[in-house]
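Novice: Taking the hints into account, I'd like the entire structure generated from these sequences.
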Amino acid sequence: EESSKQLKIMLERLQNQQSSSTDPHAEHPWERKCSHAILRLAQQFPGDAGAMAPLFLNYLLIAPGESFFMAPNEPHAYVAGEIIECMACSDNVVRAGLTPKFKDVPNLVSMLTYSMGGPTIDVGTPTYGDSRIMRYTPPVSEFEVMIITCNPGEELKMPYLDVPAVFIVIEGSGTTDNTAGQRLVMRPGRTYYIPAGCDPLTLSVNELKHGPLKIALAHENIHTLDPTSQ
1 EESSKQLKIM LERLQNQQSS STDPHAEHPW ERKCSHAILR LAQQFPGDAG
51 AMAPLFLNYL LIAPGESFFM APNEPHAYVA GEIIECMACS DNVVRAGLTP
101 KFKDVPNLVS MLTYSMGGPT IDVGTPTYGD SRIMRYTPPV SEFEVMIITC
151 NPGEELKMPY LDVPAVFIVI EGSGTTDNTA GQRLVMRPGR TYYIPAGCDP
201 LTLSVNELKH GPLKIALAHE NIHTLDPTSQ
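One point on numbering: in our numbering, the residue at position 78 of the sequence shown is 78, and numbering is uninterrupted.
Keep in mind the hints are simulated off the structure, nothing from the lab. Where is the CB? At the ideal position from N, CA and C, for every residue including glycine. Some hints here could point you the wrong way.
EDC-like mimics (lysine to aspartate or glutamate), calculated; alpha carbons at most 16 angstroms apart, straight line [unchecked claim]:
#1 Lys209 - Asp122
#2 Lys157 - Asp199
#3 Lys209 - Glu154
#4 Lys101 - Asp48
#5 Lys157 - Asp177
#6 Lys5 - Asp48
#7 Lys157 - Asp122
#8 Lys209 - Asp162
#9 Lys103 - Asp48
DEER-style ranges, computed between Cβ atoms [as the list claims (entries may be wrong)]:
#10 Glu85 - Leu108: 17 to 27 angstroms
#11 Ser110 - Pro64: 32 to 42 angstroms
#12 Pro64 - Thr224: 25 to 35 angstroms
#13 Leu208 - Met116: 47 to 57 angstroms
#14 Glu1 - Ile84: 29 to 39 angstroms
#15 Thr224 - Val93: 35 to 45 angstroms
#16 Phe102 - Thr179: 47 to 57 angstroms
Specialist: Below you can see the structure in the form of structure tokens.
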């Protein structure tokens with residue numbers, strides 16, 4: 001197959017460049033990052049032509065607290081690290097590479113938008129009058145995400161929501177309760193469902209804890225007129 005042939009040629013060239021280079025800063029930063037990404041992907045997925053994806057996709061490094069919005073029918077791949085992904089309801093995921101699963105290349109080629117340009121990095125905005133509640137609102141009606149952080153020795157009242165929501169504990173530990181006497185012990189990885197109109201929960205973290213309690217909460221977009229990303 002032609003793609004496999006070209007991938008092999010490219011890998012040989014990049015490996016030779018890596019081994020013969022005496023000054024890593026002589027290469028343009030983007031080219032250096034792209035080369036490293038291709039070699040790493042080729043090692044993770046031997047023989048998969050998808051390793052060449054960094055040549056025609058935006059290669060992004062995002063920091064904690066940053067996010068970006070992916071529109072429908074746009075290709076993407078997570079190379080390394082941990083992220084939170086919130087998706088609209090979908091009955092179809094089309095793959096083209098970097099996976100052992102079925103690759104439906106013809107269908108993917110027909111559905112892509114082929115739009116150019118990079119995404120806008122969204123750092124969120126404080127909401128509900130509390131800088132510890134950061135809102136990430138995309139320009140779609142299906143969902144939005146809030147990252148809520150409660151530091152040791154603090155209490156934080158979560159916002160009242162008239163829509164159902166789910167949240168996951170992504171860091172730290174603590175407890176929460178509300179006026180109805182519902183009490184939960186928070187641990188990383190635990191997930192919870194909040195019915196619409198539920199009494200707001202109050203997060204609490206013992207002052208002796210070494211780090212904050214951090215949760216990610218998602219629900220229907222109720223700030224469609226005030227998105228934080230485009």
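Novice: Run every hint past the structure and note whether it holds.
Specialist: Consistency of the hints with the structure:
1. Between lysine 209 and aspartate 122, the direct Cα distance comes to roughly 30 angstroms. Violation of the 16 angstroms bound is thereby established for this hinted pair.
2. Of the supplied pair hints, the one linking lysine 157 and aspartate 199 holds, its CA atoms being roughly 10 angstroms apart against a limit of 16 angstroms.
3. For the hint pairing lysine 209 with glutamate 154, the CA-to-CA distance comes to about 11 angstroms; that is within 16 angstroms, so the pair holds.
4. The hinted pair formed by lysine 101 and aspartate 48 meets the criterion: a straight-line CA distance of about 12 angstroms does not exceed 16 angstroms.
5. In summary, the hint linking lysine 157 to aspartate 177 is supported, as the alpha carbons are separated by about 10 angstroms, within the 16 angstroms threshold.
6. At roughly 11 angstroms between alpha-carbon atoms, lysine 5 and aspartate 48 fall within 16 angstroms of each other, so this suggested pair holds.
7. Simply put, lysine 157 and aspartate 122 have alpha-carbon atoms about 25 angstroms apart, too far for the 16 angstroms limit, and the pair is violated.
8. For the suggested pair lysine 209 and aspartate 162, the alpha carbons sit about 32 angstroms apart, so the restraint of at most 16 angstroms is broken.
9. With a CA separation close to 11 angstroms, the supplied pair lysine 103 and aspartate 48 stays within the 16 angstroms bound.
10. The supplied range of 17 to 27 angstroms is met by glutamate 85 and leucine 108, whose beta-carbon atoms lie about 19 angstroms from each other.
11. Distance hint for serine 110 and proline 64: a CB-CB separation of about 37 angstroms, consistent with the stated range 32 to 42 angstroms.
12. The hinted range of 25 to 35 angstroms is satisfied by proline 64 and threonine 224, whose Cβ atoms lie roughly 26 angstroms apart.
13. Take leucine 208 and methionine 116: their Cβ atoms lie about 52 angstroms apart, and the range 47 to 57 angstroms holds.
14. Taking the beta carbon of each, glutamate 1 and isoleucine 84 are about 36 angstroms apart, inside 29 to 39 angstroms as hinted.
15. At roughly 25 angstroms, the beta carbons of threonine 224 and valine 93 sit outside the given window of 35 to 45 angstroms.
16. Between phenylalanine 102 and threonine 179 the Cβ separation comes to about 50 angstroms, which falls inside the hinted range of 47 to 57 angstroms.
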